[in-house]
Each structure stands twice: as C-alpha cells, then as structure tokens.
Amino acid sequence: MKALYFNTFHKEYRNRAIIFLAVITIVVILTSNALLSYLREEVLAQMSLEAVGQNSLLAFYYIIGSWSSFIAIYIGIGSIKSDIDSGALIQLLSFPISRTQYFLTRILGSFSIVVLYYLLSLILAMVLFSLATHNVVFSWGVLGALVFSSLDIFFVILLSAFVSIRFGTLKTFVAVILLMMVMSFSSMKWGNQEWQQVYKDFGIIDTFTFIIYWLLPRLKSISDFSTSMLIEKEFPKNWWADLIHYFGTTLLWSTIFVKSFSKSDL
Amino acid sequence: MAIISATDVSKSYGNIDALHSFSLQVSEGSIFGLLGPNGAGKTTFVKILLDLVHPSSGNVSLCGLPTLDPRARATVGYLPEKYSFYPYYTVQGTVEFYAQMQGLTKATMKPAVDVALEKAGLSELRKRKLSQLSKGQLQRIGIANLLLCPHQLLILDEPFSGLDPIGIKEFKDLMFELRKEGRTLFINSHGLAEVEQLCDEVCILNKGRKLAQGKVKDLTKGESLEDFFYSKVKGD
Chain A
1 MKALYFNTFH KEYRNRAIIF LAVITIVVIL TSNALLSYLR EEVLAQMSLE AVGQNSLLAF
61 YYIIGSWSSF IAIYIGIGSI KSDIDSGALI QLLSFPISRT QYFLTRILGS FSIVVLYYLL
121 SLILAMVLFS LATHNVVFSW GVLGALVFSS LDIFFVILLS AFVSIRFGTL KTFVAVILLM
181 MVMSFSSMKW GNQEWQQVYK DFGIIDTFTF IIYWLLPRLK SISDFSTSML IEKEFPKNWW
241 ADLIHYFGTT LLWSTIFVKS FSKSDL
Chain B
1 MAIISATDVS KSYGNIDALH SFSLQVSEGS IFGLLGPNGA GKTTFVKILL DLVHPSSGNV
61 SLCGLPTLDP RARATVGYLP EKYSFYPYYT VQGTVEFYAQ MQGLTKATMK PAVDVALEKA
121 GLSELRKRKL SQLSKGQLQR IGIANLLLCP HQLLILDEPF SGLDPIGIKE FKDLMFELRK
181 EGRTLFINSH GLAEVEQLCD EVCILNKGRK LAQGKVKDLT KGESLEDFFY SKVKGD
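Chains as they are written, first to last, in our numbering: chain A, 1 to 266; chain B, 1 to 236.
The following block holds chain A by itself, in its conformation from the complex (with noise of 0.2 Å):
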C-alpha cells in the first residue's frame, strides 16, 4: 500500500491546477507580508508589533482556509477518477489488492497532499511574517486549528472522490459545492434549536434540512472549532457532542461509498 500512497503525491504533483494554487497562496503570503510592513510604518505604528504579525497570520489562515475546500474538491475528483480515465485502474486492480484497500490508499494520500499543501502554506507565513515584524509570529492555535480544517478537508475528499465516480468533473464540483453549502445552512439552522423547538411548524425544507444535519457531518460546527482554536475562544457547549457525530457520520458514509465501489462493474 506504500507504493501506492505514494504514487498519489507522484499523481499530483505535476497537477497544473495545484501548481496554479500553489503559485497563487505563495504571491498572497509575499502581498500580505509587503503590506504588512507599509502598514507597521504608515498605519499601524501604535499597534504593537506582535500584534500586527499576530493579526495578520489569522487573516492569512482565513484566506487559506476558504481556498482548502476547492483544493479538497479538485484533489478528491482526480484521486480516482484519473485512474479511471486513464485505464490505469484496471492494471492497479489486477494487482494483489481489494479494493477496498485502493479507495482508502487513494483518499488518504489525496488528504496528506492538501493538509502538507495547508501547512507548508502556514508555514512560508509565519516565516515571512516573523521576518517583516522582527518578531516570531506563532500561536498554538493555529495548529489547532490546522487539525479541525483537515477533518473537513477528509470527508470532502471522500465525498469528491465517490461522486466522481459517477459524475464527470464539472457535475461532481458543482454538486460538492452545493452539498456543503446545504450541510452548512443545516448546521446554522438545527445547531442552536432547543429541542422543544424543533418539532414546531416542521414543513419539507426543515424536514430536509434535519435529515442533512443527523445523516452528514456538522462541518460547519466543525469549521467554527477551528475558529475557536484560532481566536482561542471559548468552545461551543457540547462541542464533544458534534465531533463525535462527525466521526460516527464520516465511518458511515466511508463504509457506505467503499461497499458501493466494490460491488460496482469496471
């Protein structure tokens, strides 16, 4: 399975979408980082300088955090769906493996290429930022948050990668795309209820909507721990509660998608 994780950074790393990105998250950090250091001298001269390198570091892993999802999506999509385009699956597949095997070997590397991509990213800032403020720009919290970001960052590479399957690139992003966003409306909507709410005036959309939030992951909730990590606040009450719900519902959902690939015809 080794060469077969592998062969996943092999895969992409020639991606020219992911050099674009790449290319893209490197001219942020050094624009950031140049108006930083006009702002230290010009505008911001009464904050301190930890302060500035502080501030601008978390506005930097909001802008990063909403670029991770289409990573996710564009990495999830060609995690399989290349090797199926390619016929390369059919040669993998003839190989002493299940299949199993091969769709999880598949989104685990798919998942470390995006997480690196995020925290080589963290990285080169906290480096660049330290260097422009004279200071060292660090906060565990972001690590912390690091580690929330890439539990959304898995189950939407699984979903991306199943859907592919099926779907062609365009369908799949567009459907993903549309599937958070109705998981994040749901989070919002049934996340602060008081449970003598709930059952009030239920009509088709609300019926919807709480079939998406007990059947998905909360990644919205999820999303908002990586937030608190980030401006270290308080977590929510319950917190445990939605991330256990996030593991149950991410083991459900896998073993639903690996039993469907492995019954499907190649």
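Derived lysine-lysine pairs resembling DSS-like cross-links, with alpha carbons at most 30 Å apart:
1) Lys2/A - Lys82/B
2) Lys2/A - Lys47/B
3) Lys2/A - Lys106/B
4) Lys129/B - Lys2/A
5) Lys110/B - Lys2/A
Calculated Cβ distances over 10 Å to all of chain A for the following chain B residues:
6) Ile16
7) Ser23
8) Ser134
9) Phe176
10) Glu177
Calculated directly from the structure, the hints in this document are not laboratory data.
Predicted, not measured: the structure shown is a model, and the values here were computed from it.
Each residue gets a CB set at the ideal place from its N, CA and C atoms; glycine is no exception.
Please build the complex by placing chain B on the supplied structure of chain A, with the hints as guidance.
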C-alpha cells in the same frame, strides 16, 4: 488441478446476457485460448477472473481461491488489451512501481526489474517516459510486468495487438518458454493463427454461450482453426 475453475457463470447487463451458464476448467501448465467474435463475452469473463466485474450467478476460482479474495490475484499476472499507465512515469519507474505493488522487497526488486526489462526488450528504453513510447513499446511494459514474479497463471488479453511481426515472434517464443517453466497462460484473442500455433486447448464463445471446447487438433479434425471457428460461429 484446474488453475481456473468457472461453474455456471452468468452475467447480465440489463436485458443483455453477456455470459450464460458458462463453465470452464483450465488445467495447470497449459496454454489455453478463449476465442469468440466481438461481443461474445470474452472480456466480461476476463474481467470476472480479475474481480473487476461480479457475476450475476455462478462460482469462479483461481488456484483454488474464489476471485473475490485478493490473494487469488497474488498468483496471477495480467496483460490488458490496451496498455495504459501514467505518461510521466519512466519505463523503469513503471516497472519498479509494479514490482512494489506485487510485494517485492527493495533487495529483490532491482534484479527482478533488470531481468524483466531485459526479457521484454526494454533495457535501452528504461529512462524514457511512457509518453515517448510507441503502442508496441508500451505493450512490452505490460509484458515486463508479467515477468517480474513467478506467477502461476498469466492472463493475456489480446496480447499481440500493437506488436510488430518481430515483436509477435519474440512474444510467442517467450510464451513457449513460460510454459516450459510450468506456468499457465490464458489467452483471450482474435488472432486465430497465433492461437492455433500456441494453444493446447481452446474454447469458442458466442453470444455468452460456449460453442466448443477441446484440444485444437481434436476440434478441427484437419481443417484450419479459422475455418472451424467460422463455421461454428456462423452456424450458431
């Protein structure tokens, strides 16, 4: 012992019967040919052997293990009809990757890769990228993959497609050599002349059903395999 054993295998795609109660036993150490016109169900059967397609009913085993068990494929080498892999890999990189996928260790990999490249006639092309190779040269990478491990069973899907006459001659010689080593070769082919020369036994399939099976000489009774095949399929 039968290295391939299929009993009452059926496969339908909607209303179309790709295979209907198909049974087949292939004995160890032979060269076996599966023949049939386009749409006969040959590729479906090869895909069932590799667990890429699941039969609607019936049982299939390789070397005594059901095809659902990934360990069954540890004893099998496969050459696809249309060889394709990542174009940015080099010839050597591809064969090394295959060696790793087949569980070869670092210590055993290098000599095995060198021997496989040499036998497949790819030693001089080892640094080339797959995107720079011709169809016939790509097919040779698939052949190198077969030679990496001492597989008991080699499944060859249209093995001569893309090879030039020299390549076909060399590959036929290689097949005889592999049989001498005690390996079993299962060939799915349209190349009747090659099959007649190579195979100990053949099976003719049409519209998902078996029309004939046996030793080539016993079936043809002096006719050419081409004439026998034509009369069987047209008479069906």
